[in-house]
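Those protein sequences? They're chains R and F, same order as listed. Counting from 1, position 31 in the first sequence corresponds to residue 31 in the numbering used here; the numbering is continuous, with no gaps. Counting from 1, position 106 in the second sequence corresponds to residue 106 in the numbering used here; the numbering is continuous, with no gaps.
No lab work stands behind these hints, which were simulated from the structure alone. Among the hints, erroneous ones may be present.
Just so you have them, the derived chain R footprint on chain F, three or more residues with Cβ under 8 angstroms [claimed, not checked]: (1) 16 to 30; (2) 114 to 128; (3) 136 to 150; (4) 176 to 184.
Chain R side only, calculated, beta carbon under 7 angstroms to chain F, not exhaustive [as the list claims (entries may be wrong)]: (5) S3; (6) P76; (7) P202; (8) Q250; (9) D251; (10) R255.
Ideal Cβ placement from N, Cα and C applies to all residues, glycine included.
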Amino acid sequence: MLSRRIIPCLDVRDGKVVKGVRFRDHVVMGEIVELALRYRDEGADELVFYDITASPEGRSVDRAWVERVARVIDIPFCVAGGIRSVDDARAVLHAGADKISVNSPALERPGLIDELAAAFGVQCVVVGIDSLRDADGEWRVRQYTGDPTKTQALSRQTLRWMVEAQQRGAGEIVLNCMGSDGVRHGYDLEQLSAARAVCHVPLIASGGAGAAEHFRDAFAQADVDGALAASVFHSGLIAIPELKHYLHGQDVAVRL
Amino acid sequence: MSVVLVDAGGTNIGSVRYALQRLGVDAALTSDAASIRAADKVILPGVGAASPGMARLRELGLVDLLRSLTQPVLGVCLGMQLLCKHSEEGDTECLGLIPASVRRFAEAPGLRIPHMGWNRLVAQQSHPLLAGLSADDQAYFVHSYAVPVGDYSLATTDYGGEFSAVIARDNFHGMQFHPERSAAVGAKLLKNFLEL
Chain R
1 MLSRRIIPCL DVRDGKVVKG VRFRDHVVMG EIVELALRYR DEGADELVFY
51 DITASPEGRS VDRAWVERVA RVIDIPFCVA GGIRSVDDAR AVLHAGADKI
101 SVNSPALERP GLIDELAAAF GVQCVVVGID SLRDADGEWR VRQYTGDPTK
151 TQALSRQTLR WMVEAQQRGA GEIVLNCMGS DGVRHGYDLE QLSAARAVCH
201 VPLIASGGAG AAEHFRDAFA QADVDGALAA SVFHSGLIAI PELKHYLHGQ
251 DVAVRL
Chain F
1 MSVVLVDAGG TNIGSVRYAL QRLGVDAALT SDAASIRAAD KVILPGVGAA
51 SPGMARLREL GLVDLLRSLT QPVLGVCLGM QLLCKHSEEG DTECLGLIPA
101 SVRRFAEAPG LRIPHMGWNR LVAQQSHPLL AGLSADDQAY FVHSYAVPVG
151 DYSLATTDYG GEFSAVIARD NFHGMQFHPE RSAAVGAKLL KNFLEL
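All chains, please: the whole structure from these sequences, using the hints.
What follows is the structure, encoded as structure tokens:
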């Protein structure tokens with residue numbers, strides 16, 4: 001049986017891992033390679049690196065650290081941030097990343113997803129979606145969330161965009177529920193369940209993990225394939241080995 | 001020992017190379033026929049689709065060479081699928097070294113495609129490639145097409161049914177998962193291949 005994945009997310013800014021609350025006020029958490037190795041040793045199933053300032057600044061990912069990570073890490077990792085073209089993606093994949101994730105550039109030019117899938121296969125192509133519920137009750141997509149001064153609300157509905165992204169060749173979707181991000185009250189199970197119903201590729205939950213039960217709920221109730229978290233792992237609030245043993249005891253399939 | 005990685009344009013070549021370096025082996029990346037023929041071990045990595053993968057091998061003039069190799073050869077992921085007879089992906093004729101046809105995972109409720117993540121390896125035969133493999137060992141998979149189970153299957157994995165995770169026939173071997181990204185389990189299996 002396929003194991004559910006536990007995925008620490010490392011937001012990278014100026015070559016360091018940082019973390020903000022509700023996408024703002026970033027503080028430095030540590031060195032990239034050091035944290036990557038720590039999570040690998042603790043049993044993380046995969047790592048995601050977001051170069052959170054690349055897209056708002058209109059530049060692509062700095063490949064030097066991607067290669068440094070690829071040399072030492074023997075679990076899969078995905079790189080996101082400012083990948084705007086097949087050439088950008090190729091450079092990151094050739095530097096050793098297993099997958100690339102696109103978010104803002106795919107919203108600007110959805111055809112990018114088709115191009116990436118055609119060039120590298122859908123298994124390399126992750127589409128990240130930052131989503132927030134509006135006053136009218138509808139979930140809509142946000143763009144350029146790495147920089148609060150540049151974040152934009154779009155008219156695009158989250159679930160519609162998720163369907164389109166899959167049609168275009170997304171091999172995995174990371175749904176970041178911004179309303180719950182960084183506040184540790186649990187994943188947005190309502191939104192994730194709605195997403196699961198329209199998502200036929202692997203779906204990764206992001207935003208809101210604060211306790212082991214939150215992971216169980218995301219797997220058991222929203223049937224997500226993986227759960228991503230950052231601050232609870234960086235701060236040591238949740239240790240991955242204990243989390244996985246807890247999940248195993250709760251009948252969630254994990255890799256121990 | 002000389003190990004070569006066949007440069008057929010796959011994007012995971014760097015990762016496989018780094019994994020070998022962690023095992024103390026510096027593998028050369030090459031598409032040169034003479035270097036491939038002279039190597040002690042040959043690894044055919046590959047991420048992408050079957051049809052462009054085979055097209056690239058034909059362009060490089062490596063199809064007959066690969067078929068004629070007698071040293072241990074390991075195909076990884078797409079590289080393993082290219083060792084087979086045929087792939088449904090793009091209706092592609094492959095190298096024909098393993099008598100199998102690669103098929104897309106059948107659609108089934110709740111079965112997400114691609115099969116992406118960690119899944120259990122179940123040994124079906126005793127083989128030096130699987131030395132030290134434990135019942136709980138998992139490996140990292142990312143694929144939408146798979147090799148059915150046959151007498152060439154050394155290990156299988158269950159995803160909406162059994163498929164081949166590790167295959168072998170004579171000197172040709174294949175791993176559907178990514179040993180370079182399968183932590184200690186992957187390192188163990190790669191080391192086993194280097195010691196064949």
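Would the hint on R:P76 stand, with a C-beta cut-off of 7 angstroms toward chain F? With Cβ-Cβ at 4 angstroms, under 7 angstroms, it holds.
Taking a Cβ-Cβ distance under 8 angstroms as contact, does the stretch 16 to 30 of chain F have three or more residues in contact with chain R? The restraint on the stretch 16 to 30 of chain F holds, since 4 of its residues have a Cβ under 8 angstroms from chain R and three suffice.
When the nearest CB of chain F is found for R:R255, is that gap smaller than 7 angstroms? holds, 4 angstroms
Please check whether the stretch 136 to 150 of chain F has three or more residues whose CB lies within less than 8 angstroms of a CB on chain R. holds (count 6)
Would you check whether R:Q250 satisfies its interface hint, that is, whether its CB is within less than 7 angstroms of any CB in chain F? Violated - the Cβ of R:Q250 stays beyond 7 angstroms from chain F, reaching only about 18 angstroms at its closest.
Can you verify the interface hint for R:P202: is its Cβ closer than 7 angstroms to any Cβ in chain F? This interface hint holds because 5 angstroms falls under the 7 angstroms limit.
Against chain F, run the beta carbon of R:D251 and see if the smallest gap drops under 7 angstroms. violated, 16 angstroms
Given that the stretch 114 to 128 of chain F was listed as covered by chain R, double-check it with a C-beta distance under 8 angstroms for 3 or more residues. holds (count 7)
Taking 7 angstroms as the limit, does the beta-carbon of R:S3 come near enough to a beta-carbon in chain F? holds, 4 angstroms
Do three or more residues of the stretch 176 to 184 of chain F come closer than 8 angstroms to chain R, measuring C-beta to C-beta? holds (count 6)
The earlier numbered hints that this structure contradicts are 8 and 9.
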